[in-house]
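Number of protein chains: 2
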Amino acid sequence: MNEAMTEEEVTLDAFHRGAFWLVQPARRGHRAGVDAMMLAAAVPGSFSGRLADLGSGAGAAGFAVVARCRASSVTLVDRSPEMLEFARRSLALEQNEDLRNRIDILEADVTLAGKERNAAGLEDRSFDFAIMNPPFNAGVDRATPDALKRLAHVMDDDLFERWIRTATAIVKPRGGLALIARPGSLHAILMAMAGRFGNAEILPVHPREDAAAIRIVVRARAGARGGLSVRPPLFLHGKGDSFTARADDINNGRASLFGD
Amino acid sequence: MNEAMTEEEVTLDAFHRGAFWLVQPARRGHRAGVDAMMLAAAVPGSFSGRLADLGSGAGAAGFAVVARCRASSVTLVDRSPEMLEFARRSLALEQNEDLRNRIDILEADVTLAGKERNAAGLEDRSFDFAIMNPPFNAGVDRATPDALKRLAHVMDDDLFERWIRTATAIVKPRGGLALIARPGSLHAILMAMAGRFGNAEILPVHPREDAAAIRIVVRARAGARGGLSVRPPLFLHGKGDSFTARADDINNGRASLFGD
Numbered sequence: 061m062n063e064a065m066t067e068e069e070v071t072l073d074a075f076h077r078g079a080f081w082l083v084q085p086a087r088r089g090h091r092a093g094v095d096a097m098m099l100a101a102a103v104p105g106s107f108s109g110r111l112a113d114l115g116s117g118a119g120a121a122g123f124a125v126v127a128r129c130r131a132s133s134v135t136l137v138d139r140s141p142e143m144l145e146f147a148r149r150s151l152a153l154e155q156n157e158d159l160r161n162r163i164d165i166l167e168a169d170v171t172l173a174g175k176e177r178n179a180a181g182l183e184d185r186s187f188d189f190a191i192m193n194p195p196f197n198a199g200v201d202r203a204t205p206d207a208l209k210r211l212a213h214v215m216d217d218d219l220f221e222r223w224i225r226t227a228t229a230i231v232k233p234r235g236g237l238a239l240i241a242r243p244g245s246l247h248a249i250l251m252a253m254a255g256r257f258g259n260a261e262i263l264p265v266h267p268r269e270d271a272a273a274i275r276i277v278v279r280a281r282a283g284a285r286g287g288l289s290v291r292p293p294l295f296l297h298g299k300g301d302s303f304t305a306r307a308d309d310i311n312n313g314r315a316s317l318f319g320d
Numbered sequence: 061m062n063e064a065m066t067e068e069e070v071t072l073d074a075f076h077r078g079a080f081w082l083v084q085p086a087r088r089g090h091r092a093g094v095d096a097m098m099l100a101a102a103v104p105g106s107f108s109g110r111l112a113d114l115g116s117g118a119g120a121a122g123f124a125v126v127a128r129c130r131a132s133s134v135t136l137v138d139r140s141p142e143m144l145e146f147a148r149r150s151l152a153l154e155q156n157e158d159l160r161n162r163i164d165i166l167e168a169d170v171t172l173a174g175k176e177r178n179a180a181g182l183e184d185r186s187f188d189f190a191i192m193n194p195p196f197n198a199g200v201d202r203a204t205p206d207a208l209k210r211l212a213h214v215m216d217d218d219l220f221e222r223w224i225r226t227a228t229a230i231v232k233p234r235g236g237l238a239l240i241a242r243p244g245s246l247h248a249i250l251m252a253m254a255g256r257f258g259n260a261e262i263l264p265v266h267p268r269e270d271a272a273a274i275r276i277v278v279r280a281r282a283g284a285r286g287g288l289s290v291r292p293p294l295f296l297h298g299k300g301d302s303f304t305a306r307a308d309d310i311n312n313g314r315a316s317l318f319g320d
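Residue numbers (the working numbering), protein chains in the order written: chain R, 61 to 320; chain E, 61 to 320.
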């Protein structure tokens, strides 16, 4: 994101140094940023096939995947018609003409299950990969009293169980999963992945070399049996405020997070 | 360890640049090394009180704690009389005279529970801190077929459940726990800590900056409710084969792993 043009209530932002552009709400809703770019960078550059961007919002991560993975197609899935309207406006932009035919949009609630999920268009075994950036920030970061904390943990468990249950259903055998979350959600994520996804790789994201991780990116494969590994971390910033070279490459679609 | 003197079946090795010495079996049993030094370095330098080194073997981690934490005392706990005999021989060394009165030895099986555990000398709420380096390498690293892998996972779950159950029982409220394990054991560890230890801190240990972690050190506090965090990793080696400055400091008792 290096250019922004205010147009009433929306902004028009360039990503991947202009490889794609997004129309986003200026003030309300979740605005895309580094989280979405890191999530998209967890998909191997050589990936070909259908990918579901679960809880896509305005579509930043999904757009980033089709921009970097030239043989991929992406379905943006969100329950918010307002956010998907922004995605539709982005698709209509002349700047996104080359990517347009590899992106489609599905209005559906990711937390649906069984027949309802299939009826909503999230069909069993219909994708090769699922990515997700669950709404983990919703109020939780500001909840400090013990009672609220416990509630947040319960919500967390439930959130990841529902979202990963859907990923399990919609990806084909050996299909991929990538998600970005707060480190505090790790146990809930591992619980939800158990018996469903294996070969899990955890990549911690630290703001600086000497600070605790603010995010984890987790990648895994459906039905795989291999154990968990911890990959070398990503440090976002160097000594000053500027991005490290690696973070800048990832943010701009020039490198993958897991080196593939 | 920078000097070794073979004496029939044992070696005499200096640790922490000569701050303490250990008698160890030359060929059989688990020989202490970097794992034990990293585990000991997870204890804050200011720690004072009683610490249990569960599954101590010949006592390397426990010796390293008393050498660095000058107000601590340590009980070495192992079920193997042979390994504890090495610890006794180390305690008798003139070189360890200054540390001797802060170390005692308890022959007991860490996996005992309830009355049997108390009767074996591992009394409830009698320690301020427990450290453990469970025998996770026993055959597991060489098990490649799927069946053996699954068995190893089951063993892993059970291992950490039993060991952490004992730590839960013997530490006082708000007491500390630190353990070192393979990354693949992370889920088993989090399961075993759930509802018992909180404020968990995970510190991945990588052989080099660009390689997956080979160990995780996990630290937590009994009865605490805070969530999990991922600390900046330790890289053992730089470009060549030599230790990084930080790894060398930790290996030699001049720095703590978590910066306290």
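A few of these clues could be false.
[What the hints assert, rightly or not] Covered stretches of chain E, going by a simulated chain R footprint (3 or more residues, C-beta under 8 Å):
id: 1; stretch: 270-277
id: 2; stretch: 288-298
[Said to hold, decoys possible] Sample of chain E residues lacking proximity to chain R, with all beta carbon distances greater than 12 Å (derived):
id: 3; residue: Ala-86
id: 4; residue: Ile-165
id: 5; residue: Arg-222
id: 6; residue: Lys-232
id: 7; residue: Arg-242
id: 8; residue: His-247
id: 9; residue: Ala-254
id: 10; residue: Ile-262
id: 11; residue: His-266
Rather than coming from a laboratory, the hints here were simulated on the basis of the structure.
A virtual CB, placed ideally from N, CA and C, is assigned to each residue, including glycine.
- Item | Broken hints, by number | 7, 8, 9, 10 and 11
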